[in-house]
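**Q** Spelled out from the first residue to the last, the chains are:
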Amino acid sequence: MNSLDSYLFVSAMLFCLGIFGVITRRNAIAVLMGVELILNAANINFIAFSKFNGMNLDGHIFGLLVIVLAAAEAAVALAIIINIYNNMNTINVDDAAELKQ
Amino acid sequence: MIDNMMIALPLLILFLPLVSFIILIFFGKKLPRQGDWIAVGSIVTTFFFAVYLFIQMILAYDPGFSHGASFSWIDLDAFKIDLGILVDNLTIIMLLIVTLVSSCTHIFSLEYMKGDIRYSRYYAYLGLFTFSMNGIVLADNLISMYMSWELVGVSSYLLIGHWFEKDSAANASKKAFLTNRVGDIGFFIGIMLLYTAVGSFAFGPIFESIGGGSSITGLTLTLAGLGIFMGAVGKSSQFPLHIWLPDAMEGPTPVSALMHAATMVAAGVYMSVRLFPIFTPDALLIIAYIGAITAILAALIAITQNDIKKVLAYSTVSQLGFMILAVGTGVYTAAFFHLLTHAMFKANLFYCSGSVIHSMHHALHEAHDHKTDPQDMRNMGGFKEKMPITYLSMFISTLAIAGVPLFSGFLSKDAILAGTLAFAQHHPGHFLLPIFGFSAAAITAFYMFRLIFMTFHGKPNMKDVFKDIHESPKEMAGPIVILGALSFFIFYTLPYYNPISDYGWFKDLIVAQTSAVPGSMTANEIAEHSHHAHYLAMGLSVAVASIGILLAVLMYLKNVISAKNIASRFGFLYDWSLNKFYFDENYNRFLYQPFLRLSETISWLDWEFYDKYFINGFGRITNIFSKLSGKLDYEGIDQGIVDSFGRITGAAGKNLKKIQTGRLQNYLLYVVAGILIIIIVQAF
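Quick note, the sequences are listed as chains W and S, same order.
Numbering (this note's numbering) for the first sequence: 1 to 101.
Numbering (this note's numbering) for the second sequence: 1001 to 1684.
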């Protein structure tokens, strides 16, 4: 289990789970969690390609950047969710269908 | 100088009455005395001009005396019309007649028409008439003659219908106009036939071309001549178009004297005389028979009429028949001579009858009688003492028309009868012509004296009216005296004094021309024959005139023979005569009614059938087509094709809208699905 394929496989599984979570969950928090999964799937790819394809430290740097970005994103997203909850008294994304029409 | 005068004066004579007409028709009512002085002044001036021309003619004493001038009216190279005037002896004598009678009419009307509601218009129309009549007289070509001819018709229409409030007057004017139109159509056809062959409207070239014998001959020329003569039939009131003249008596009496006795009806005779050279022997024969039939027919009708003006009207028709008969038998100078003498004595007879009617009218007015007809001779009688001037003048003119020696009518009628007799001697087959002629002369003498005796002699038939009868004022007596005097022979035979021979200035100055048609009898031959028949004709005409007068004396003066008995014995003849041979009734039954029915049928076809089914059918079909096309356009194209684009777009939008759920997760799903598809496609 020391080849690139196994990393990519885990990453793809993680990405699919993340997408699945984002698409199927009604709870905005859960959707946010899906997004985190997708970001981490990307992180695994960066690290794996860095290790096996000679990207040296570039992959790591990008990995760190993505973690920071994920943290910032989580903060903003949670702020939005709290605002939605304050305005609409729910965090069900189906109810927040303001984009329709 | 003289040359210029001979053109300028006729032009002045022609246009002065027109100027008077224009002034009076526009400003007549605003002028003092309603402008009658303008009309009278201009006409009397033209009369003096005419007298001057006449003196020039007598001084020249030349049968070939002729002046002319013309100008090019229309010149289209191939089609050219020259208008102009021709002044020769014929023209000058005719101008003198027209201006003299017209002047007398104007002066006579001063009194006769006093207080009329359309006084100025009456004088305006008289001016128009005189202008058009002078136009006919002066014309040197067929076109300007035809134009004036029609103008005469119009002014006659206007003057007959002067009192158009009366239905009878309005109808009479229409009848006169329409009957004239029938003749005028023939006239126009004749003109066109001649023009087509000759290529000119002027008399000179036409005569030359016919004399050349190349361009128009035989039947065509006969037809052209008869066509032109049809104009004369209409205007001169010849059988079978004579019906309008007696009705035309609805106009004012001075108008009857001017137009329906002396001038307008003479226009036809004048035209026949002027165009005599174009008539072929065949055409002349027909002309002669029409004249003879007219003369006898009208004379027969005149016997039984009781309206004084109707008697004179039929007498005019009869005398015009004489003139036409003379043209037909070739003695056309005699026709013109009779035209001259007849114009004088017949105008005078009409003035005298006008004087009587005027007097009767006033007397009836005094007696507050508005029902009695002032023109009916049965209401008159014994006027001799009350109206001596009128009586004397009328008596003289009656002697003239009856053909008694010493009077003008004798000379001219004798010339005509001699010509007719000579014609019959030369062509024994046509013995009817002189028989008709002499019988008509006898009957003329009879009915004219009947008129005199019924009006002026005997006992007054209406005592209460009789006491108010008076002689007419001097405006009316003047013309009566002048024209009465002109009934004496002496004015026509100067410088000779032989009362039974027509030798005189007239015969010297008006010399017959040989017809231009090749093969006709020469003027000399005709004159020769006529001369041989002269004494026989003279004897016969004096005899028949005496018989006529004697019968009238016995029947109406002495009452030896009862007119009633004769009337009842010849019942149907009397009825025929009294009812004018039922011409109007028969025309009505066989011409007007069938024609009206034809018109009605055609109008029915036109309206009920053609209009309603054909024209309206087109409308309906178009309507149906447009409805269909409208439906197609609206329902097919608009609603089907154009709207369906909208519907499809709408439906597509509505359906595609459902994709836009507004749920981010759905959108994300589409994105993922899209990426997957792209990857799969890329992979292959």
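These are calculated hints, taken from the structure and not from any lab test.
Glycine included, every Cβ here is placed at the ideal spot set by N, Cα and C.
Errors might be hidden in some of the hints.
Lysine to aspartate or glutamate pairs mimicking DMTMM-like chemistry, simulated, CA-CA at most 20 Å apart [said to hold, decoys possible]:
#1 S:K1658 to W:D58
#2 S:K1459 to S:D1307
#3 S:K1658 to W:D94
#4 S:K1657 to W:D94
#5 S:K1114 to S:E1475
#6 S:K1371 to S:E1165
#7 S:K1657 to W:D95
#8 S:K1114 to S:E1366
#9 S:K1166 to S:D1373
#10 S:K1459 to S:E1385
#11 S:K1384 to S:D1468
Simulated restraints on C-beta separations [unchecked claim]:
#12 S:Y1667 to W:N27: 15 to 25 Å
#13 S:Y1667 to W:L65: 25 to 35 Å
#14 S:T1649 to W:F52: 25 to 35 Å
#15 W:N83 to S:T1649: 37 to 47 Å
#16 W:I67 to S:T1649: 46 to 56 Å
#17 W:T90 to S:T1649: 29 to 39 Å
#18 W:F52 to S:Y1667: 26 to 36 Å
#19 W:L65 to S:G1662: 25 to 35 Å
#20 W:N83 to S:Y1667: 15 to 25 Å
#21 W:N27 to S:T1649: 35 to 45 Å
#22 W:L65 to S:T1649: 44 to 54 Å
**Q** So, for every hint listed, does it hold in this structure?
**A** Verification of the hints:
1. Pair hint K1658 of chain S plus D58 of chain W does not hold up; C-alpha atoms about 45 Å apart against a cutoff of 20 Å.
2. Taking the CA atoms of K1459 of chain S and D1307 of chain S, the gap is about 18 Å. The hint holds against a cut of 20 Å.
3. The straight-line distance between the Cα atoms of K1658 of chain S and D94 of chain W is roughly 15 Å, inside the 20 Å bound, and the hint therefore holds.
4. For the hint pairing K1657 of chain S with D94 of chain W, the CA-to-CA distance comes to about 18 Å; that is within 20 Å, so the pair holds.
5. Between the alpha carbons of K1114 of chain S and E1475 of chain S the distance comes to roughly 11 Å, so the proposed pair stays at or under 20 Å and holds.
6. A distance of roughly 17 Å separates the Cα atoms of K1371 of chain S and E1165 of chain S; the hinted pair therefore holds under the 20 Å criterion.
7. Restraint check: the Cα-Cα separation between K1657 of chain S and D95 of chain W comes to about 19 Å, which is no more than 20 Å; the hinted pair holds.
8. Restraint check for K1114 of chain S and E1366 of chain S: the C-alpha separation of about 17 Å stays at or below 20 Å, so the hint holds.
9. Taking the CA atoms of K1166 of chain S and D1373 of chain S, the gap is about 14 Å. The hint holds against a cut of 20 Å.
10. With a CA separation close to 11 Å, the supplied pair K1459 of chain S and E1385 of chain S stays within the 20 Å bound.
11. Proximity of K1384 of chain S to D1468 of chain S is assessed by CA-CA distance (about 14 Å); at most 20 Å being required, the pair is judged to hold.
12. At roughly 18 Å, the beta carbons of Y1667 of chain S and N27 of chain W sit within the given window of 15 to 25 Å.
13. Roughly 27 Å separates the CB atoms of Y1667 of chain S and L65 of chain W, a value that falls within the hinted 25 to 35 Å.
14. Take T1649 of chain S and F52 of chain W: their Cβ atoms lie about 54 Å apart, and the range 25 to 35 Å is violated.
15. Here the CB-CB span from N83 of chain W to T1649 of chain S is close to 39 Å, well matched to the stated 37 to 47 Å.
16. Taken as a hint, the range 46 to 56 Å holds for the pair I67 of chain W and T1649 of chain S, whose Cβ atoms sit roughly 50 Å apart.
17. For T90 of chain W and T1649 of chain S, the Cβ-Cβ distance of about 37 Å falls inside the hinted range of 29 to 39 Å, so the restraint holds.
18. The supplied range of 26 to 36 Å is met by F52 of chain W and Y1667 of chain S, whose beta-carbon atoms lie about 35 Å from each other.
19. The given range of 25 to 35 Å is respected by L65 of chain W and G1662 of chain S, whose C-beta atoms sit roughly 33 Å from each other.
20. The hinted range of 15 to 25 Å is satisfied by N83 of chain W and Y1667 of chain S, whose Cβ atoms lie roughly 21 Å apart.
21. Take N27 of chain W and T1649 of chain S: their Cβ atoms lie about 39 Å apart, and the range 35 to 45 Å holds.
22. For the pair L65 of chain W and T1649 of chain S, the supplied restraint of 44 to 54 Å holds, since their beta-carbon distance comes to about 48 Å.
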